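Use the sequences and the hints to build the structure in full.
Count the sequence shown with mature numbering (1 follows the signal peptide of the UniProt record, and there is no 0) and you get residues -28 to -1, 1 to 309, in order.
The hints are simulated quantities; they were obtained by calculation from the structure and are not laboratory data. Computed from a predicted structure; not experimentally measured. Some hints here could point you the wrong way.
Said to hold, decoys possible - Using 30 Å as the maximum straight-line C-alpha spacing, the simulated DSS-like pairs for lysine-lysine come out as follows: (1) K240 with K146; (2) K123 with K231; (3) K146 with K131; (4) K131 with K150; (5) K34 with K17; (6) K37 with K22; (7) K123 with K137; (8) K137 with K231; (9) K37 with K17; (10) K34 with K6; (11) K6 with K56; (12) K36 with K6; (13) K127 with K240; (14) K127 with K234; (15) K44 with K22; (16) K44 with K34; (17) K146 with K6; (18) K146 with K235; (19) K129 with K146; (20) K150 with K239; (21) K131 with K234; (22) K239 with K123; (23) K231 with K150; (24) K36 with K22; (25) K150 with K235; (26) K234 with K150; (27) K123 with K235; (28) K17 with K56; (29) K44 with K17; (30) K41 with K22; (31) K44 with K6; (32) K129 with K235; (33) K129 with K231; (34) K150 with K22; (35) K146 with K127; (36) K37 with K56; (37) K34 with K22.
Unchecked claim - Computed Cβ-Cβ distance ranges for the label pairs, DEER-style: (38) G198 with L42: 22 to 28 Å; (39) L203 with D4: 21 to 27 Å; (40) K235 with T201: 38 to 44 Å.
For every residue, glycine included, the Cβ atom is placed at its ideal position computed from N, Cα and C.
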Amino acid sequence: MTHFLHKKMNIFLLCCFVLLGLSGCSNPRGTDGKTKVDQIIASEKIEVEKDRVNVSDITDEKLKKEYEKLGKNEMITIEPTSFKQAISQSWFDGLIVWPIAQLINVFASWTDAGIGIILATLLIQIIIFFFTRKSQIANQRMQQIQPEMNKIQNKYKDKNDERSKMMMAQEMQKLYSKYDINPFGTLLVTFIQLPVMMGMYYATMRAAAVVYGSFLGMPLSETPMGAFTTLGSSNAQWGPVIVYVLMVIFQLVSLQLPKWLKKLDDKKNHVKQKKYIKDDNPMGNTMNTTMYFSTALIAFMYLSWPIAMSFYWLVSSVIRTCQTLLIHFVMTDKEKH
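Written out as structure tokens, the structure reads:
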């Protein structure tokens, strides 16, 4: 029962944060895929070419007419965005998107936009990890004990009477106690990471440093789809293609890593898993299907989105992979001793 409630609560929280995030933010991209000029968050006064931003979908009609008179290579001046301006648009803009975008801008001013995204993502993940370390360890253990959970569920899968359900719940609770897991404690990770993830999504599209910036000479406003169309020509753009492909690979690696580490531990400890647990595992199959579907959905959507988003997702996946390895090989071993 606890496991069932845990799964349902995860879904409920996901829906709540998605709805809150969507209601708290307007779409920063115009119909041409470029960031609307009035949605750009700047830390200092900057000038950007009109052709690199969207001016036709902004809400201020007076500004729209003024900008539309400019030639595509003429410069538009963007003033610094204050916290007061951001919070007046929505609570989500002010409390989450604005700080992250400004963090990217500040880091990018020292180096470039790509390094700005890397450093901002790394700092945010370190802060989140500091507050959710125990929850992340429990979350990883939850994934690693999945075979034992499947064994219990398979044991009672054809028994629908109240006694069997109670016995299954008791065995599941013993399993959680054995590995020191509080299923509801793992919700803290979801509770914190989801709004930050959505905030980072909007910040990478709205931070001024990303809108007009680049990484290793690669404009972060380019799209993977545009880069793919250049392959085979003399001016092939390999940078966005490589970032996009690595993003998909590391996304899959970060999701599969806990399972691979569990298999490695079982092999090291000479633990053999019964065949019926491997083959007759509807929950495991559902999780795999969800994982591959979500990765495919992200890969499809990011084809037409600025490469900055693929780059952010790549950096996040690499950091998640490193965190998983750190928890497994360092923190979990320390707790055992």
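TODO: Could you work out which earlier hints the structure fails to respect and list their numbers in ascending sequence?
DONE: Of the numbered hints given earlier, those the structure breaks are 17 and 34, listed in rising order.
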